[in-house]
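Take any residue in the sequence shown, note its place counting from 1, add 11, and you have its number in this note's numbering.
Hints are computed from structural coordinates only; laboratory data are not their basis.
Using 20 Å as the maximum straight-line C-alpha spacing, the simulated DMTMM-like pairs for lysine to aspartate or glutamate come out as follows:
| hint | residue 1 | residue 2 |
| --- | --- | --- |
| 1 | K155 | E126 |
| 2 | K855 | D921 |
| 3 | K912 | D846 |
| 4 | K392 | E372 |
| 5 | K1030 | D962 |
| 6 | K211 | D178 |
| 7 | K855 | D917 |
| 8 | K352 | E379 |
| 9 | K771 | E654 |
| 10 | K352 | D363 |
| 11 | K1030 | D917 |
| 12 | K204 | E189 |
| 13 | K352 | E409 |
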Amino acid sequence: MTVRRGIGKALCPVLVAAVLGWAGNTPPANAADGYRDSLSFSNLGGVGLVATRTARFLPDGEISLGASVEDPLASYFLTWQATPWLEVTARYSEAWKEPDDLDRGLDLKLRLVQEGDVLPAVAVGFQDLLGNGPFAGEYLVFSKRFDAFDVSLGVSWGYPASRGGIDNPLSHIAGSFERRNDNRDRNGVPAIKNLFSGDKMGVFGGIEYRTPLRGLTFKVEYNGGDARTLDLANAIGKDFPVNAAFNYRPVPWINLAAGFARGDTVGVGLTVRTNLHDLAGRRKNAAPPTPPTGAPSEYRSEPRPTTGRPEYAVPPAGMGRVPVALVPVSARDGTATDAGKLTALVTRALYDAGLGGALVELKGDQAEVTLSLPPEEAAAKSLRAAYVVLSRLPLRYEAVRLRNRYGDAVGREGQLYSRRTVESFARVDAAFNDLLAAGGVSGVTAEGDVVSVQMVPRRPGAMSTASIAAAADLLASVRTVRVIKALGETERHDARMMRTERVREHLARFLDDLGFVLDRLRQDNGGYDLTLQARGRFGDEELNRAMQGARAILSGGDGEVDHLAIIVMRGGIEVARADYPPSAGVAAVRQGSTESVDESANRGMRYLPLFGFVRWGGADAGSGKLERQSRRRLVASTRTLTEGEAERLKEAVRAQGLCPLGWRVSGDSAEIAVAVDGFDNTATVVGRAVRALTATAPGDVDWLGVTAMVRGAPVGEVQVLRRDVDKALDFAGSPEEIWLNTEITSGAAPSEAHGWRRFKGAYPRFSWGIYPEVWQHFGNGSDGGYRAQGFVTVAGELDLVQGLGVRAALTRDIAGDLDRVPVGPGSVTPRVRSDVGRYVEEGKNAISEAVVDYLFRPMEDIYLRASAGLYEPMFGGVGLEALYRPQRSSYAIAAEVNWVKQRDFDQLLDFRSYTVWTGHVSLYRDWSSLGLESVVSIGRYLAGDWGGTIDVYRRFDNGMRLGAWATVTDLPRSEFGRDSFAKGLYLAIPLDLFLPWSLRRDAVVEARALNRDGGQRLKSGRSLYELTRPGTLRALQAGWGDLLD
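Between the sequences and the hints, there should be enough to build the whole structure, so can you do that?
So, in C-alpha cells, the structure goes:
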C-alpha cells in the first residue's frame, strides 16, 4: 500500500541514523542493572508486554523510537519519559489491506504509586487521549517484581476491554459511565466523556521473566483487547487472547522483539533508545582553554574558617564537579602533571582509602581501575573508589571505568562513572550518612519531589525524627518524605517541617563545638529564643560565636531573623544572656557585667554544615559587598589600559575561543564584554573570559567581571573573586568555591559614558554555518499520511555595530515527497500554511531568511527588538518585540506585533497580495521544581483568527528541548479540519551538539500536520526569551560545574 511504503521509507533513514548516532553515546550496562535490562516495549509503544502496558517506567529523559509488525497491523512509535512519573507515546498505526488505514495516537501513562517491599507499582494510562481512534481506551495496572519474574495485572475500558469482561463498577456511581460514544469523526478532540466508560470493564495481565542470558526476557500475557473490533483490521478473522514474545537487548540502546500474537500471527519489533541527559555532543577543539600566564603565585585571602569536620564544598543545585578537599593533594597543587605521577598518586590514594591492590591506567580522558572487591562490598566500595580517583585527577579526566577481579560484581564490561554521576552522590553524602547513622533504615529512593525511606523489618520505632529530617535534606526539590514500615505501613511527612528539624540538628552540632547543649528552641513571630546548657567554662568569644552562628543557621543565609535571644543555663541558674538586635539590648550578661556583642563579625558570612562560616555574596545586604559595588561603579575611578595592555587582553580572550567586544578597569575590578557565541553553556564563556582576565589584569585588581552579550545587548553580568579563580586554575580550588563569592546581575550595556572602551576590530563580526533541515507532515490516511522533505541550509549572521545585525539563510531542496501533501480543508480561510506543497515544489533554491534586527535594552530587565525582512519561507514584514525578564524571577512577560505579507511560492523576493497584522502576549514560567517550562500566549494568528496557545517543554542540560503545544482559536471546525485544533510535539536540537563548528541555531523536528491554516504563528526566529536565557541566574547556576572546561 502506498501510505505504508511511504512511512517505512521515511522511517528507515531515521532508524539507521538513530543507531549510528546513539551507539557511541550510551555507556555500557551494569550487571546490577537487571531491572532496566528487563524493560521492554508493547507493540503500540510504551513500556509493556506484547499488546498490554505495565506499571513500569523508563529512566527519566529516555527517548525511544520503534516499529512493530503483526500482519496486517503495523505501528511506528516514539516514547519519551517526560518526567520520572509521566510517559508520553506518539504513534502511527495502520493496516496494510485497508484503503484509509492510517491512525495517529497520543498515549499517556502516569505513575500513581511506586513499588515498595509489599505494595505493587500502580499506574493509570490513556490510549489515544486526543481523540477517539480505534485504539482509544484507559487502563489501571499493577506491577510487582518477584526475583526474576515481573507480574502485571490490570483493568481496562474502551478498546483494551473490547473482549469483554465484568460489568463496569463505575456505572453504579453515574449512569454516564455505562455509555461510551463512538465519534470517530471527531478524531483529534479529547473525548472527556468517554474516560473510564463502557458497559464492560476488561481484565488483562501477564508475566515477564528475566532469563539467565543477559538482556533476554520472555513475556506472556492475556490481552483484554480484541483486534477484530478495530476499523483498521477488518481482515483479521481470529484473535486468540494469549500472546507471547521474546525480547532481546544485545546492547543498551537497542531492543529486538519476536513472538506470536492472536494465536496464529508472528510479530516482530525493533526499538532504538537513548537518554537525552547523556547526549553531550561534540567538543569544539579549535580553541581549547589555555592556562593563564602571569597569575599570582600567592592568593590574596585569609584561610577559610573550619569546623573540624570533613571539609567538602556543598555546591548549589546543578553544579557538576566532584567536591574538592580543602587541603590540596599533589594533583591539585600542580606538582603532578604527567601520567606516571598521576597514576602513582591515585594508587596511593586508593590504598589510603582501604582499596589496596589497584591497577590504574590513564587512557585519553578517562581512568581505568581494576580492583579486588568482594561481591557483597562491590556496590558500596565502587562508588567510593570512583570518588577517590576523580578527586585526585585533573578535570580533563571526565570519567573512571571500574573493573573487578571478582567476576562481574560491578559489571563484566566494567562500570563507567562520570564526574557528574559521582558528584550527584557526593552532594548528598552528608545528609545520607546522617540518615544511616540514625539507624533503622534499609533503603532510600527519590522520585520527583518524594523521598521514600524503607525501615528495617521487625524494628518498629527505629525511625527517629532526625532520620526523617536527614531524608528531607537529601534534595532541595523534596516536598514529601514517605516512611515505609514493616508490612507496607506508610507515613507521610511534610519536608518543610522536617527541614526545620534539620536546622535544629545543625544548630545543635554547631553549639556542641562551642561547649553548649541546645536545651530548647522556641520560635515566636519571626524570632527565636534559645536556651542552652553550658558544659564548662566559656567566655565572650564563645557567646559571640554562638550568636553569630545561630543567626546564620536560623536565617538559612538568605535572610535575617527579626530577633534572637540566647539564654545560657548552668545548674538551673541563668548565667549569661545575649539578645539581637541592638535595639533590644544586645548584651552579654555574665556575673553582673555587661559587654557588647560583636555585630559585624558575620556580615556577609553563611554557615554551611560541612564548611563552617564562608563568605556568601548574597547573604547580607549589610556586608562589605555593597561598598565594593559602589566603588566599582564610580566613573572617576576608571583607569585606562595602555594600547599594548589592551591588545594583550584581547589576544588572551581570543585564545580562549571567545569574541571580545569591550573592557573596563575601575577601582579594584576588571571587566570584559564578550559575545555569547559558540558555546551552549554560558558558564564556560565566563570561565574562559576570567582565565584571560586573571592572566592580564593589573596586579591590584581583586574582582573579575564578565558581561555576556547577545547580538549587542547585555543579558547578564558575572563578578567573581580573582583569588578563587587563581586557586581553581592551580588545582587548589573548584567551581563550587568560586560560586560562593560570585555575584550575578542583569548588567548594563557597555558604553564609554560608564568607562568602557571598545576593542579594535570588535565590529563588524560575521559567523556562518551549514546544516541539514527536515520538514515533516504527520497526517491521517486521507490527509496525506506521513510526508517529509530534506533541505540543506547555509546561514550567516553579521553584526554591524552594537545591537544592529543582519541574519540570512539560503536553502536548497534535496529530496522528499512533501509536495504531495493535499491542500487543507478550508474554503474561506486564507491559505497561510496549507499551500506548503507548492512552496516545496517551486522553492527548490530559496531565500529562507533575510532579516535586519536592532536589539537593545533600554532599562534593566527590559529588552526590545525591531525587525524587518523575510522572516521565514512563507512570510516577510516588519515587527516589534518586547520582553520583561527579571534576573532572579521564574516568570517573564513578552509581547510582539508584526505586519507581514505572504511571500511568493519560489521564496525569492516577490510577494503575494495577502497581508495581515499578527501578534501575541506571552507569559513564560520556569517550573524548576517539576523540571518543566511553559509558555501561554494569546493573540492573533496568521489567518486572522484569535485564540491562545499553551506550550509545555522539558529543557535538558545539553540544550535540547522536548515539548508539546496546542492552539485553540475562533476558527470554525469546518474550516479548521478534522483535528479541530492545532497541536504538535517537537524536539529542538542545538546544532552546536553535533556540528564540528559552533552555531547558535536549533534543528527543530516536529510532529504535526503542515496543511492547516488555523492557529498558525509567524516564525520570526528565536524569541527574546530564548536569546536572553544564557545570562540568567538559572542558566548560569545549572551550568556552573563546567566553568573551567
